[in-house]
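Participant: If you're matching them up, the sequences are chains R and A in order. Using my numbering, the first residue of the first sequence is number 1, and each one after it goes up by one. Using my numbering, the first residue of the second sequence is number 311, and each one after it goes up by one.
Treat the hints loosely; a few may be bogus.
[What the hints assert, rightly or not] A short, non-exhaustive set of chain A residues, derived as facing chain R with CB atoms under 7 Å:
#1 326
#2 379
#3 420
[Stated by the list, open to error] Here are a few chain R residues that sit away from chain A, every Cβ distance over 12 Å (derived from the structure):
#4 30
#5 76
#6 82
#7 128
#8 225
It should be emphasised that the hints constitute simulated quantities derived from the structure, not laboratory data. The beta carbon of each residue, even a glycine, is placed where N, CA and C say it ideally should be.
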Amino acid sequence: MTALLVLPLLLPFALPALARRALGRLAPATALWAVTGCAVALACCSLAAFGALALVGLLKLPVLASLGELTHPLRTASGLVVLPTAVTGAAMLALSCGTLLRSVVRQARALRAARAEAGGAAVAGDLCVVDAPGADAYALPGRPHRVVVTTGMLRALDGPEREALFAHERAHNAGGHHWFLAAAELAAHCHPALRPVRATVRLAAERAADEAAARRTGDRRVLARAIARAALAAPSSPGARPGFAAAATTGPVPARVHALLEAPGPPARAGRRAATALLVVCAAVSGFAAVSGTADFHHRVEVAQGEARP
Amino acid sequence: MSEAKDERRPAGELEASVLAALWAAGGPQTVGQVRKSLGTGLARTTVTTILTRLHDKGMVERSREGRGFAYAPLQDAQGITARRMHTELDRDSDRETVLARFVAQLSPDDERVLRDLLEADGA
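Could you build the full structure based on these sequences and the hints that come with them?
Facilitator: Listed below in structure tokens is the structure:
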């Protein structure tokens with residue numbers, strides 16, 4: 001039983017690599033769905049596994065065993081295994097719930113602040129202009145959806161580049177990308193290994209919006225130039241990254257510009273299928289292990305309650 | 311973008327583009343200047359109509375210039391509040407997690423790669 005419940009806790013460690021691979025081989029919009037779906041599935045399964053492991057340990061305590069109407073002792077592996085896993089499970093569950101709650105509160109607050117900001121800005125159509133020197137632009141979900149952009153950003157771009165920027169932000173809003181970002185954020189709080197997947201989902205959303213905007217405006221180079229100019233105009237982070245952590249690979253912005261400048265060719269069919277299959281298998285195995293592990297645990301509890309035969 | 315495609319776009323999007331062009335300019339703009347800044351094949355009459363509509367809505371102010379008008383975006387008390395909130399919001403790292411932003415922050419490596427890409431593209 002314990003072995004089955006460990007599987008959903010181990011699989012998230014494989015997801016960051018699988019997700020990056022999927023983003024490299026699938027169409028961005030497909031990758032966004034597949035990676036986010038898989039991350040959410042793995043997050044749910046690992047929460048269930050943490051919960052089941054914690055419960056096993058709790059039912060070992062005489063007080064809770066009598067409260068649970070256990071007439072026989074719960075049959076489990078040796079206490080040497082069960083107790084540490086139970087303590088770990090309970091701690092992880094508490095930690096997840098804590099950070100999950102904090103994240104929801106902070107995101108709601110940030111969203112409220114952004115809405116208030118857009119509410120006070122100059123509005124035309126779906127565009128909100130904020131008079132600020134720093135180059136910044138973002139899609140603000142809500143009713144109606146808005147595109148918020150600073151004057152600093154508008155001045156960094158020429159006419160066609162501004163249109164490409166707006167098309168990109170409108171693609172975020174039309175595609176409901178904020179739901180994917182929120183789901184990835186919540187999943188990251190359920191299992192520590194799912195944290196790096198957030199960055200992949202974020203990049204997949206940007207790439208999906210880039211491709212939609214390029215189709216809309218019909219010019220990939222203008223959009224690539226807009227992204228590059230906007231990034232160079234944006235104020236660099238105050239304490240970005242220490243020098244020793246210089247990345248081996250470049251960040252998401254150059255990757256997006258590069259992808260737009262390259263001629264869009266459909267990736268190899270076999271690679272596409274393999275990448276999707278790996279994600280599906282990962283989610284399915286995790287789901288199967290969590291469900292059968294929990295079902296087995298439930299059966300053992302019933303046996304201990306004298307309601308079922310071993 | 312072709313002219314026909316531009317004329318078919320929803321009015322809201324055209325208003326957004328014209329307001330963006332005014333804000334990007336930094337000073338009062340004539341219809342001709344706005345049209346040039348948009349860089350698309352919009353008809354002069356279309357641009358005039360949109361500017362008039364923005365003026366009616368109180369988004370822009372206009373002053374006589376020669377035979378026509380020069381338009382400038384209106385910065386009001388609300389806008390100043392908005393700017394202050396933007397500064398506040400900038401301090402909040404949480405915004406990263408909720409909003410899809412156009413560009414992420416760059417590392418020095420990223421900057422070098424981007425400049426190379428821009429140069430290679432002949433821009």
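Participant: For every hint, state whether the structure bears it out.
Facilitator: Hints and how they fare:
| no. | hint | in the structure |
| --- | --- | --- |
| 1 | 326 | 4 Å, holds |
| 2 | 379 | 17 Å, violated |
| 3 | 420 | 4 Å, holds |
| 4 | 30 | 18 Å, holds |
| 5 | 76 | 39 Å, holds |
| 6 | 82 | 37 Å, holds |
| 7 | 128 | 8 Å, violated |
| 8 | 225 | 5 Å, violated |
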